[in-house]
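Chains A and B, in that order, are what the protein sequence lines are.
Quick note on numbering: the working numbering labels position 207 of the first sequence as 207, and the sequence is numbered without any gaps.
The number in the working numbering is simply the position in the second sequence, starting from 1, with 1000 added.
If you are wondering where the hints come from, they were derived from the structure by calculation, not from laboratory data.
Small disclaimer: the values here were computed from a predicted structure and weren't measured.
Just so it is clear, CB atoms sit at the ideal spot from N, CA and C, and this is done for glycine as well.
Careful: at least some of the hints might be erroneous.
[As the list claims (entries may be wrong)] Quick partial rundown of chain A residues pointing at chain B, CB under 10 angstroms, derived from the structure: (1) 24; (2) 31; (3) 65; (4) 70; (5) 80; (6) 82; (7) 83; (8) 103; (9) 115; (10) 123; (11) 142; (12) 243; (13) 246; (14) 250.
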Amino acid sequence: MTLTNRYDFVLLFDVKDGNPNGDPDAGNLPRVDAETGRGLVTDVCLKRKVRNFVGLVKGEQPPFEIYVKEKAVLNNQNKRAYVGIGKSELLEGDDKKRKGGDAVDEARQWMCRNFYDVRAFGAVMSLGINCGQVRGPIQLTFARSVDPVVALEHSITRMAVATEAEAEKQGGDNRTMGRKFTVPYGLYAAHGFVSSFLAKQTGFDENDLELLWQALAQMFEHDRSAARGEMTTRGLYVFKHDSELGNAPAHKLFELIQAKKNSDEPARDFADYTISVKEADIPAGVSLQRKVG
Amino acid sequence: MKTFCLEVTGDFACFTRPEMKVERVSYDVMTPSAARAVFEAILWKPAIRWQVTKIEVLKPIKWITLRRNEVGAVISSRNVQTTMNSGSGDLGLYIEDERQQRAGLFLRDVAYRIHAGFELCDAAKHKSNFPHLSKHRINDTDEQRAADEANSPAKFLNMFERRASKGQCVNQPYLGCREFAANFRLVKDVATEPAPIAATLDLGWMLHDMDYSNLATPSPRFFRAELKNGVLDLSNVEVRG
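I would like the entire structure built from these sequences, with the hints used as guidance.
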C-alpha cells in the first residue's frame, strides 16, 4: 500500500524534572534559545527515539532493521539474513546503463527495502555520484517549547569514589559531587511533514506510516533514564490531505493547534495548559486525525 | 520570462557556506540554489529550469549557534553489495563509534521574498542537470521529442500558480537543510507588500548554484553578492566556477 496523501503533523510532548535534550556546547544544559528563553529539542534527537522504538518493537529484523544504531539497543544477533531480491523488478524500463549508477541504485533500493530508518529518513551512501542519496519522506523540524523554560542546576553527591588515590585524599570520606540539569516543566511542539512522492521513491508505505505514528506516540515510554525525567507525548495531530500535493498550506494547519497557559503562574504540569484545536476551521480537503490528545 | 514571487519564512535556516561544511556556517542571506530548491519543491518537470532573479530580505539578519551529535560516516556501497550478494551480514552503524559533535551557526527567524521564472529546456538533456530530482528519462529521442511538445510554458505557469496559491507542494520546501522547514505563500502583488530591510552589504563571493553538467563531479559556481537596500539582484550577475 503506497502512500497517496500528503500529511502534516504536530507533535506535542512535555518534560517534567528532566533534561529533554542536552546541549554539548553548554556542558549538557538543556538546549535553550538564548534570545527567547524557549527550550529546543533538535530534529535528530527525535529521530533517534523513533529509530530506537522501531528497533525495539520490530526486534531489529528486516524489513524493519535500523541502520543507525545505539549500542544501548541490545542486539544479540549481529549477523542477520536478508531476503534476496530479484533484480528484474528493480530495473524496469531502464535498460541504459548509467555510469556506475546501477550498482549504487540497486544497493540503495536494497537498503530501503531492509532498513526502516533509511526508508523513512533517507541516508547518504558513498560512491560519490549524486545518486547515492536517499531523500526520506519524513521531514521533522526542531521542537520548541511553547513558553520560555528555565534550566535548573542540581548538585548531587555520590557516596563512592572512582580511584584509590581519591579515597586517600579524602581520608576515607569517599564522596564525589556531580551535577545534573533539569527543566522543571516544559511543553514542546515539533512539526513534521510526510511527502508521498518521496515515499514512493523509498518504498515507505502505509504500514511504515502507522509504525511512525505509533513510534511518535510511544517513544518516550521506552526512553526512560536518569537524565530524562518524565517525558510524555501529549499530542499527535495528523492532518491528512485528500490529495498528494496537499490542499492547504502547512503553516495554516499548524496554526489551528494552540497551546495556552491557563494562568500567569509558572507551569508545572500538563494540566496547566489548555490545548485548543480549531476543528471548525480545518479547510476542505483536509481531515484531522487525533492520534494522541 | 514571467516571474513568480514567493514569500518564505521560517524559524531557522542554514545556507551552508561550502568552505565551512564540517561545522556548518550559514551565509547571511538565502542562496540562489536554495531558492531554486524551494520552487522545485512546488513544481518541477524535466522540461523546465527555474532561474532565480531576485531575493529580498524581509527581516534583520540574526544568528543562533547550536551543536549536535552527528554521524561522521556514510553507507559504504561495497559493504551493501557484499551483504546483498551473500544474503546475510551485519550492516549496522553504531553511532558511538562514528560520533562527531558539530556546531552550526544558523540564521534564525528569517523571511524572504524570492522571485524566479522558468525557461523550457530540452528535457532529454535536462536530467543530467538535476540528477537528484529525476530518475525517469525516455531513451528514444523521437518519443522524447513528442513528450517535449506537450510542454507549453502556459501549462506550467498555470500549474505553478495553482499549486503555490493553495499551499500545495511535492515536499515541504526548506531553508537550506530539511529540518528547517519553510512556510511559503504566493505573493500576487508585490507592490502591496512591506519593503525589504534597509541594509546594504557586500556579501562577498557567494554560491550561485551547482553545475551538474559533469555528473561525477558537480562543481559549484559563485557570484559576487551585493545586498542593496535588502535586495539581492541576480538578473545580471556574473557567475564563475
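Query raised in the report: For which of the previously enumerated hints does the structure constitute a violation, in increasing order of number?
Result: Checked against the structure, no hint fails, so every one of them is satisfied.
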